[in-house]
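Colleague: For reference, the chains in residue letters:
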Amino acid sequence: MNSSTPDKAGVKLGMWLFLYTEIMLFGGLFVLYAAYYSKYTSVFIEAGKSLDITIGALNTMILLVSSFTVASAITAIQKKARRSAAALVGVSMVFGVLFLVNKYFEWGHKFEAGIYPGSPDLSDAEAGKSLFFGLYYLITGLHGIHIIIGLILLSISLYFITTKRIHETQFVVLENSGLYWHLVDLIWIFIFPLFYLIL
Amino acid sequence: MESPNQEHILSYTTLFGVLCILLALTAITIGVSRIDLGVLNIWAAILIAACKAGFVLLFFMHLRYETRLLQITFVVTIGSLAILIGFIFWDISFR
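From first to last, the protein sequence lines stand for chains G and D. All residue numbers for the first sequence refer to my numbering, where the first residue is 5 and numbers rise by one. All residue numbers for the second sequence refer to my numbering, where the first residue is -3 and numbers rise by one.
Pulled out of the complex, with its shape left as it was, chain D reads as follows:
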């Protein structure tokens, strides 16, 4: 069992690396949105946004280094949101 006082310290270099990745993904999402790919544009935008969110959550918000309990509660929340979105679009698409 890990000691609760054992804090994980992220180095400035790691944090800066994450920032660079996030800025690069922002540039990519703007670039991709200027090319007309039809419905793929939306999926690309959502996928890139989800990627960016992942980096913010795992590193800036330290989710990667949190307890298993906290990680599970996070996944349950996103799962609930996915069910909400899934069922609403199931309804909309068969109207």
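Okay, chain G solo, but in the shape it has when bound:
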């Protein structure tokens, strides 16, 4: 290996080490959720019912399909199908934007109903309710920021694919952007049942 070819295994291990810190970050927040759930179980269940399962399920499907298209983009680039790889990354980005649009309407409805951090309705309600929605906004908000960062990484990858800086022997940027995107999907896989499906 000469100095001009980057150490692929090292680059990827570095990305995974970063992903581990992300897992611990969201893991910590989920523990916080679980701890308050065990204290305010009935309030959390009541508050969870006010979240729209349809929109939650739709966003779950959107992220799963976009993960599939990102993974397929890597297969495409390995098979030297540069155009399909670019198209697949583009489609994934469209799904990412759709997710954010759904989230925008979802949050918008909650704001209209007077449920937002520090709102008078929540301050007057019982303690568990403001904790549930506080965690809801914190976790889905942080997740939304991750979606935006993921979209930026995917657009960089798309640019590199079209300018041929990513090709069949050199695609670690696409791989790492893909890993980040899958992580965002992984986190949502746990957010969905925790917030939307609790009975």
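Derived by calculation from the structure, the hints in this document are not laboratory data. Heads up, a few of these hints could be off.
Here chain D is said to cover these stretches of chain G; the calculated rule only asks that three of the stretch's residues, wherever they fall, bring their Cβ under 8 angstroms from a Cβ of chain D [unchecked claim]:
1) 11 to 25
2) 128 to 135
3) 140 to 153
Here chain G is said to cover these stretches of chain D; the calculated rule only asks that three of the stretch's residues, wherever they fall, bring their Cβ under 8 angstroms from a Cβ of chain G [as the list claims (entries may be wrong)]:
4) 6 to 18
5) 21 to 30
6) 65 to 74
7) 77 to 87
For every residue, glycine included, the Cβ atom is placed at its ideal position computed from N, Cα and C.
With chain G held as given, fit chain D onto it using these hints.
Modeller: Then chain D, alone, in the frame of chain G:
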């Protein structure tokens, strides 16, 4: 020793199969959550989510085909998270 240039290529069919499994598990988790099973509901939701996460990690994130070193570091991370969760709930349940 495997060559670092030896990349594993996952077929579109495999990836699509994984997507179908993930969508099916999503449908199952929604279905199960609508039936009142008491405390079992939470365990079912977590178990199904963990299953889905496993499929994403092993196939979409290629963890199945990565080096042993990377796989070990992943297991250590999840182990640390499990210790964190375990000790916190140990504390909470005996208060």
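Colleague: Please flag the earlier hints that this structure goes against, numbers listed from lowest up.
Modeller: 2, 3
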